[in-house]
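Student: If you count by my numbering, then the sequence shown holds residues 9 to 161, one letter each, in order.
Hints in this document: simulated from the structure, not taken from any laboratory.
All C-beta atoms in this analysis are idealised placements derived from N, C-alpha and C, irrespective of residue type, glycine included.
One thing to keep in mind: the hints can contain errors.
[Claimed, not checked] Quick list of the computed label-pair ranges, beta carbon to beta carbon:
(1) Leu161 <-> Gln52: 36 to 42 angstroms
(2) Leu161 <-> Lys58: 36 to 42 angstroms
(3) Met157 <-> Leu55: 33 to 39 angstroms
(4) Lys92 <-> Asp38: 16 to 22 angstroms
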Amino acid sequence: MIRALKKDDFQQLRVLYEQIQDIHVKNRSDVYKDINPLNHEYFQFLLSDKNTLTTVYEEDSKLIGFCVVTIKEIKDHPVMQDRKTAFMEGLCVQENYRCQGIGKQLFEDIKGRLKEKDISKLELMVWNFNESAINFYKNEGMKTRSEIMELSL
């Protein structure tokens, strides 16, 4: 079942955030610290920020996945069109529950919530090493808009 994030979800959500962080540390230890990025302060932000939508997938009182999206409004920018967009901060399904349609359900749910708020685009950033995530997002209809490049000096 998909539902909104609740105050008592902290510990279970930390486990999911740790799974994401582990993948990032394993592949980009030059960028990511080997820590759990979900602290109490950020968790409170997820619960209270009016421009952040956080949903979880729960099964038998256990969090199996989550999706976090931040709504951004560009208005009166000197060179960009006015628009409301959403940026997906994270989507994760517990490793042993992947490929069962849970990620798709979370993705579809958040798309519906964003459409209700008249959001025109959903954007996200995904690392090149995360091929399974890239394939998932492409299967959901997302297209590559730009690329971030780097050069080690």
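Student: Each of the hints needs a verdict: does it hold here or not?
Tutor: Against the structure, the hints come out as follows:
1. Leu161 <-> Gln52: 36 to 42 angstroms: At 38 angstroms between Cβs, range holds.
2. Leu161 <-> Lys58: 36 to 42 angstroms: 41 angstroms, holds
3. Met157 <-> Leu55: 33 to 39 angstroms: Hint holds: Cβ distance 36 angstroms, inside 33 to 39 angstroms.
4. Lys92 <-> Asp38: 16 to 22 angstroms: At roughly 34 angstroms between Cβ atoms, Asp38 and Lys92 fall outside 16 to 22 angstroms, so the hint is violated.
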